[in-house]
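K.L.:
So the chains spell out like this:
Protein chains: 2
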Amino acid sequence: MSKAIVLLSGGLDSTTVLAIAIDRGYEISVLTFNYGQRHDFEIDCAKDIVAHFNIKTHHITNINLGFIGGSALTDDLDVPKDRDLDEMNSEIPITYVPARNTIFLSYALALAEVERAFNIFIGVNALDYSGYPDCRPEYIEAFQTMGRLATKSGIEEKEQLQIHTPLIKMKKSEIIKTGMVLDVDYSITHSCYDPISKGQPCGRCDACQLRLKGFMEARMVDPLNYPEIQP
Amino acid sequence: MSKAIVLLSGGLDSTTVLAIAIDRGYEISVLTFNYGQRHDFEIDCAKDIVAHFNIKTHHITNINLGFIGGSALTDDLDVPKDRDLDEMNSEIPITYVPARNTIFLSYALALAEVERAFNIFIGVNALDYSGYPDCRPEYIEAFQTMGRLATKSGIEEKEQLQIHTPLIKMKKSEIIKTGMVLDVDYSITHSCYDPISKGQPCGRCDACQLRLKGFMEARMVDPLNYPEIQP
Chain A
141 MSKAIVLLSG GLDSTTVLAI AIDRGYEISV LTFNYGQRHD FEIDCAKDIV AHFNIKTHHI
201 TNINLGFIGG SALTDDLDVP KDRDLDEMNS EIPITYVPAR NTIFLSYALA LAEVERAFNI
261 FIGVNALDYS GYPDCRPEYI EAFQTMGRLA TKSGIEEKEQ LQIHTPLIKM KKSEIIKTGM
321 VLDVDYSITH SCYDPISKGQ PCGRCDACQL RLKGFMEARM VDPLNYPEIQ P
Chain B
141 MSKAIVLLSG GLDSTTVLAI AIDRGYEISV LTFNYGQRHD FEIDCAKDIV AHFNIKTHHI
201 TNINLGFIGG SALTDDLDVP KDRDLDEMNS EIPITYVPAR NTIFLSYALA LAEVERAFNI
261 FIGVNALDYS GYPDCRPEYI EAFQTMGRLA TKSGIEEKEQ LQIHTPLIKM KKSEIIKTGM
321 VLDVDYSITH SCYDPISKGQ PCGRCDACQL RLKGFMEARM VDPLNYPEIQ P
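Chains A and B, in that order, give the protein sequences.
Heads up: the first sequence begins at 141 in my numbering, then just goes up one per residue.
Heads up: the second sequence begins at 141 in my numbering, then just goes up one per residue.
No wet-lab data here; the hints were simulated from the structure.
Heads up, a few of these hints could be off.
[Unchecked claim] Below, computed lysine to any residue pairings styled on SDA-like, alpha-carbon distance capped at 20 Å:
| hint | chain 1 | residue 1 | chain 2 | residue 2 |
| --- | --- | --- | --- | --- |
| 1 | A | Lys292 | B | Arg276 |
| 2 | B | Lys292 | A | Ala266 |
| 3 | B | Lys292 | A | Glu278 |
| 4 | B | Lys196 | A | Phe207 |
| 5 | B | Lys309 | A | Leu289 |
| 6 | A | Lys292 | B | Tyr272 |
| 7 | A | Lys292 | B | Glu227 |
| 8 | B | Lys292 | A | Pro277 |
Just chain A, with the same shape it has in the complex (with noise of 0.2 Å):
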């Protein structure tokens, strides 16, 4: 059996992606940062999706991107609420954490070296990625390249880092539907950059908005608890 590592973050897209991992017959470990990130309640919920799938190895791992600031999901900045598709893909947003991709695949890199695997799986998205440039096939192609030519595997092995990333070219309700024929729990999953609280997320950042906009097109509930109806 082949050996995967698979960022989990404990949101849809990435748990979407585990429950892929899973159904391609892969030996996972998944690997979970605590990055300083407002919304930290989606570690808990990583937790509880490792759990659902019953997967052994769960790597959570402290990281510090706080020093390096610039983003609203690490700093005391507000994170845009309410914006229409267009405005959420007229700019880079002010919660694009600068590299983190970069910094998250460097790690997996990092331990699939360690682990002798030779797979990552990263739920990035290039059609509902809210302009962030490392979500970018290009981007990911790049990393493959590199992370091949940066780790003893790559010169000492037969076998080839391979970076996957299934849901690349996916709509997020093209997401949902295939996490739900893959045993997903999206029930325990979180999305929002900005919860009220724990387990209740605000509806209105970008991150809300994209999610709501799949369920309703994949003609399914949302089983979060929103303050306010569904658009």
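Mind docking chain B on chain A? Use the hints.
P.N.:
Chain B only, in chain A's frame:
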């Protein structure tokens, strides 16, 4: 004045790189990592070096590499001693920390983006490199390509990220001679992987041996306090 992020461990190589970046006229932010290295005395050296060069911005960041394991620099494994150059070059040694340079450069990339710097300096060396895969020129080039795609600045800015590796093709003796011209005080640098005590290097690990050989070939005396007579 262009900005640069300089990765400084407190060792001979990165200190020389800092001196080169200063000489080239960059406005500099220094980035040093505390990653649980057994030779954490080097962090004290980094502080002294930054003071010596009168640099105003020094980020010292705790990062967690311990959970990854697999290296004599972060785990309780023996550091190899008394190896000759052929042995050092025959295989990737146990002091290799998986994906360490990738993780270091990823943080530098994030900081560069926030500080609007387009230059990152790192002291990798492809000659006396102890067989580390992430010191090769093709690796650095791949990181630069990835880094340009990873960041907001790669999309919005005209200036493109450059990873500078001024030492990559220099012999250790050339590095030392270069540093001497540029006011490096090697008595406040630290290279040993397994120091006997703070400020006293072992003289026998790969790092000490390469350093001593470099000073010998440069026809200079290493100012550090070694326990034995230099070879």
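K.L.:
Mind listing which of the numbered hints don't hold for this structure, in increasing order?
P.N.:
Per hint list: zero violations.
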